[in-house]
Each structure stands twice: as structure tokens, then as C-alpha cells.
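Protein chains in written order, with the numbering used here: chain A, 8 to 441; chain B, 2 to 411.
Rather than coming from a laboratory, the hints here were simulated on the basis of the structure. Among the hints, erroneous ones may be present.
[Unchecked claim] Calculated pairs, SDA-like style, for lysine to any residue (alpha carbon to alpha carbon, straight line, at most 20 Å):
hint, chain 1, residue 1, chain 2, residue 2
1, A, K228, B, E70
2, B, K71, A, D185
3, B, K184, B, T195
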Amino acid sequence: MFSYYLDLALRSLKRNPVLTGLMVLAIALGIGAAMTTLTVLHVLSGDPLPGHSADIYYPQIDPADMNGYQPGGEPADQVTWIDGMNLLRAHRATRQALMTGGSVPVQPAQADLDAFYADARYTTADFFPMFEVPFEYGTAWTASDDESRARVAVISRKLNDKLFRGRDSVGKTINVNDANLRIVGVVDAWRPDPHFYDLYQGRYGEDEDVFVPLATSRDLKLAHDGSVDCWGQGSPDQQMLETAPCTWLQFWVQLDTPAKAAAYKAFLVHYSQEQKALGRFDRPPNVRLRNVMQWLAFRKVVPEDVRLQTWLAFGFLLVCLVNTVGLMLAKFLRRSGEIGVRRALGAARRAVFEQLLVEAGLVGLVGGIGGLLLAQLGLWLVRRQPADYAKLAHLDPVMLLATFVLAIGATLIAGLLPAWRACRVTPALQLKGN
Amino acid sequence: MQIQPILAALRQHKAGTVLIALQIALTLAIVCNALFIIHQRVAHLSEPSGVDEADLFVIDSQWAGQSSEKQIDAQMQADLAALRQLPAVRDATASNSYPLQGGGWDDLITLTPEQVQKTTDATVYFGDEHFLDTLGVKLIAGRNFRADEVEPLSPRVAATPAAVIVTKALADRLYPGGSALGKQFYAMGTTPTTIVGVVQRLQRAEVDTWSREYAYQALIWPRRLDGTFGTKYIVRAKPGELSAAMREAPKALFAQSRMRIIDPKNGVLSFAQVRHRAYDSDRGTAILMGIICAVLLVITGAGIVGLTSFWVGQRRKQIGIRRALGATQSDILRYFQTENLLIAGGGVVVGAVFAVGLNLWMMRQLATDRMPLLYVLAGVIVLLLLGQGAVLVPAMRASRVSPVEATRTV
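Isolated chain A, as found in the complex (with noise of 0.2 Å):
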């Protein structure tokens, strides 16, 4: 029965090619903008550490001034260098890591490359495996490399084939800022997005290409990239940063269970009172642990354009449907003579709804094809815009399985009601009238 009603759909689309143009190109057009939007909005709401990030967390404490205190105040949101190193040698959970971002001039050893600034982070050594980065050579450092500040370094998979030629380069040296770090590993392709653990170094498309150690970064003088928020007396000069009253680094731990999660923040709280105690807070406790994905909620990471423009988007494909509604009532109401004599011949209703739904269901997946195609455009145009995001939009097997399930669902749903007053046309009106 299917394919005989397929037939019929497809007779009597052709009957009216301007009338089915007309259809076929409101939804296209109606799922196109919405499946861009939102391939973008899914795109850059994705999780950057699948399966993992629930049990990263971001430690938040308040170690500002009485100065613009409003009790009930968001804390800090970054960690001074002295909490920052009283929280990471505390060792309360499972990993954590102290880091902040910089730009380093590299002085490569042939002579045929000019020098060029990369991006860098500066970190101690749990960054790695809590973060779970996979290494293409060698490995991360050591939390002893940490302690002795050691000339080491692990580089990207990018500047590896760069400086390299993509060779196994454990063992080499890399010039950076004047000074040589012996090169202990090389990250393969990695590219978290967003860039959760620093959103100052860009929220989208950002990677680094050296990482080196925290305490060697300050030994070496590296430069520092990313906020510095001061209070009191506090200058964000670059080399005074580890005494200054300053946030400029970001603080993240593994905390494997809920339990431990609430015990932790409990330490917090703890920490902010012994801080008082000494006289170093002067604020009371104030603390936040918020998660990987509950912090980029936190931080509205999704541009708000964006969001603006999927609902745009939405509200586009509700009036095209709502113009598919009509145009398929003033089809199918055309076509009451025939359905009159299929009903007198002995059709049922219910049969008269199919063959009508079915119809329905081929405007919307001829629409939801032509949406595709010009989704994909869409997402072209994109991707040629400068925005950080742009190069991220492509259309994953999930956008592409919801393009057809909104066009198709979207379209049966606008022949609902066509169909439904189609199929009650009462056969014997209709016969006389003819």
C-alpha cells in the first residue's frame, strides 16, 4: 500500500510543480537556517573532555580586600600564586594542577625558519593525566621536574613537524626565551573546545604548542598571557606576580566521587578560615567547586550572538512551517473530488489520512535534503568568517540523523491538519457537486 501511495504523492506533486516548489523550498529554507544555528550552538555547547569532565573541578576562593566586598558576591576567578601553591601542595584530591598561559619566542635551530612567538602554558605536571592528554612521543614530566624547576618541556604535535619534521624529538633541546629545554614529549593531536581550563586565551580554536613547567616558567621570565585582577597595592607587573595581591592562574583538581567533591569543598571553606585566622583574607569564606561543564555554563562560553541566532533561526522554520500548513490545505482541500470518489469507492478515512501523510512525508524529505544542502552551505559561510569559533562549524553524523528527523517530523506534523480535513470530506457533497 506504501508504494502505491508514493505513487499517487508523487502524481499529484507533480501535478502542481509551482505549488510543491513552493513547499519543498520553504522547508528547505526553514531547516537550512535552523540546522546551521544549531550545529553551531552544538558545536560550541560540546563537552572538551568526554566521559571525563564530571569529575574536574574549579576551585574558587576569595582572597580580595574588603574593597567592593557585596556579601553573596561571586569569589574570585582565578587563584593568587600563594593559594595556588598552598592548595596544590595540600594534595587533597586525586589530581590537580596550578597553570596559566603565555607566549614565548622559539629560536629554532635551522637556519632557514625565522623566529616566531608560540602560544605556551605554563603548568605543573598533573595537567596531563588529568586532563588525560595522549603523548605521540615520549611522555609528561614529573612532579620532581616541578620541584627542581627542571629544563624541561613538552611540545605540540604542530611544532614537533615544524622543528622536527614530525621525528620523534624526545632527548632534543628547544630554544625558548634565550633559554634551552630538553623536550620530554610530544602531544599528539589534542585540542580540547572549548579551551575550558583558560577561557582568557580564547574560548574556541585555541591550542598551545609548549608547555613548560610553572616553576621554570618563572625562572625563566616568560611572559605572562591572560587576566591579572589586582587589589590593594597590587601592580600586575610581570615579575613580582608570585607576591603581588593578584589572581592570574587557574587552579583545577580531580575529585573522583560526590563524596569526595563535598569533602573537598569543605577543605576549601577550611583554608579560607585559616587565611582569615593568619590575616591574609580579609573576606569571609566564599568559596565555589564547580565542574567542567557547570563552569562554561557559569561563563556563558556560548556567544550570546549565537544563541540569539538559533532561535532567530527557529522562529524562521515555524513560519515556513506554518506556510507549509497552509499551501498543503489548499492542496489537499483542491483534490476533495478525488478523495471523494477513493472514499465512495470504499476507501476508509484512516486509508485517505495515510495517503495524504505519506504525501506530507515526501514534501519533508525532499525538503530536509535541500535543508542539508543548504546547511552545509550555511556552514560554509561559517566557517569563512573570522570569528574564533568559524572553524569548528561542521555537521557531525548526530546533526546530520537531527536534520532529517526535525524536516521529516516537522513536516508530518504540518500535514497533520491538512490531512486530518482532507479525509473528512463528506464523498457523496462532493460526488453531486461534481
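Fit chain B to the known structure of chain A by using the hints.
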């Protein structure tokens, strides 16, 4: 024209009538909100920066090796002297940042040192005595910096400079009534700074939504930031010689010293490029909204054409009878036009409510501003005209139905 028979006829086509009205209502709600957003974005991205945009460009020069602050300061002085000597260059200065750069240095401003809540917020620029001339900003009160006031910024002179030049916007915010010259304020320090000059207009380093209430609030310290990192040279070319100056300047800098890195892609930017980047997102959103509005109006128009054509086809016999009974062609034409006006009128009334509702919802969800009702009015007019335009073709066809149709049975 009698409306009663039209309403009676519409009652026969309830579903179709409601659908067209609903489509018009939704289109109106989306189009006027989109127009409002487009207008806001366009207004934002055409805000003047206050600088001589046509002739300006910036060079981001980073140091390639380790040097002392003293060496860097000497190098910066030499670089600036070399840039100013170029034939195509009018003037040059070094700063930490420039208008529309994105990001930058912001200070909280207070009027007394013990104040807990800030009075306001200002972008901080560092500049020497060439800063005002290079950017082409107009000094409207007071004086420029003297060469001997300009000191390198290093940990040893971290204290607040004694003299500051502020924008008119900042001056008016701190001391309303144009009395700011000679007055003092505090910028996150314990020593005050005295306003020695006021400039007409200078845009902030970043123009994101959060800083909108601080628009055009900037201050200039007489400092050279000898960052170990690098510096930003702002160069003003002589009129019409921008491209020549942009070619020569990096060469002149490399001739001074090879120990620097100027990014081949983003290292040298004309101010047009800077502006383009700063308002990327605004422009993108405005264009997208514009396209969607246009397509939406076309689809709604096409929908009206489609449904009305269907109705005309259905009513050929009735039209024939009316014509046979003496109705003129223009009577028939006016019938369909009035019918559309009634439907569209109902649609825009509902749509106006939708539009205001959508705006209120967006104000809560997306921090949009309140839409003036003028936009709804404009949208109503556009949609009523669209309806009349769309109905014209099928209505003309209806008016040409011959009275003979009345006699046909099929």
C-alpha cells in the same frame, strides 16, 4: 464595500484564514524584533572612534630575545625615531593598546582614595607627547604632555603618574559641567592624578556589551610601557600614503633591530582592519538577521499568493455569478483586496502582541534592550503592504473571470 459577505465567506475557510493570519503574526513578530536588533547593531558598529581612521595603522612588535628594561626602552625610542622619519609617516607613538583593539587595560576610577565602590571605569592608554597627534584626537581643554613628563613604566615608577589626559566622556562623568580641568581622581592607587588635558573623543579599547555604560571613557598616562613582551606602535601616515607607510614601517623597524617578531598575518593592521575585526559579530548578526527577514517576507508573500490563488480557483463559479449579476471587474478586485486586508489586519493585531512578547522574552533571556513601538508600527505597515502586494496577482486573475463561468456546471 460591504464587509459582511466577506466575513461570511471567510467563515467557510476558517483553517486557511487562521493560518495566513498566524503566519503574518509570526512574521511580524520576528521581522520587527530583527529590524530592531539590526538597527542597534548597525548603530553600534558605526560609532565613531574619534581617531583619524583613514590614515592610521598599528604594528604589533614582539621582542625575540631577553633584554633588560633599559635596552628595551632605548630600542623603543630608536624605533619611534625611525618611524617618524619615514617620508610617508606623519607621526608615531607606542602604547599598550589602541581603540577597538579588543581586551586591553581597564582601571576602576574613584574620586577619593578610601572610596569602596568605584565611581566609574576607564580604558588606560599609555602615550608620549606624540600620542594625540598620532591618533588625530582633538584636545579641547588644557594641554598635551610635555616630553619630560613621559617616563618609562617599570616597577620603580609603578605609582600613579601625576598628570593625566582624559576623554570628555570621562571628564563629564567625574566632574559634570565641564569643570574637570585641574581636578583630581584616583585610579586604583593611593596617590591622586591631576587632569591636565581633555580630548574630544577617543573610543575604548574594547566595545563589548558589558562596557557600554563606559563608552568613550578613556584616560592617557604619560608613560612608555617597556614590556619585556613587546609593544604596539601606532603610526599615522600622511594623507593618502597609508599603503606606502604600511610597507615601509616594518622594514624600518627590522632595519633598527632584527631581534623582533612581527606576525606576518596580524602584525601590521590598518585601522580599517581593526574596525572590521572589532565589530565582526555585530556585522555578522545584522547581515544574518537581514537575510532571514527578507526570506521570511518572501515566503509569507508567496504563501498568501498560493492560498489566495487556491481560493480564486475554488470560487470561479461564484465570481462568475457575481459578474453576471452586474459586479464590475474592480468590484471583484476590491473584494479580494478587502478580504486580504481583513485577514492581514487580524494577523498584525495578534502579531503586535507577539512582537512585544518576544521582545520581553528576549530581554529576559538574551539581555536585549526594550524595543520602541515604532518598530512594531513599521512592521505592521510593511506586512499590510506585503499582503496587498501579494494578493494583487490572484485578485487580478479573479477579476478577469468571465461572467460566462456562471453558466458552467464544472
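Hints, one by one, checked against the model:
1. This hinted pair checks out: A/K228 and B/E70 have alpha carbons roughly 13 Å apart, not beyond 20 Å.
2. For the hint pairing B/K71 with A/D185, the CA-to-CA distance comes to about 18 Å; that is within 20 Å, so the pair holds.
3. A threshold of 20 Å between alpha carbons decides the hint, and for B/K184 with B/T195 the separation of about 6 Å falls inside it, so the pair holds.
Hint compliance for this structure: no hint is broken.
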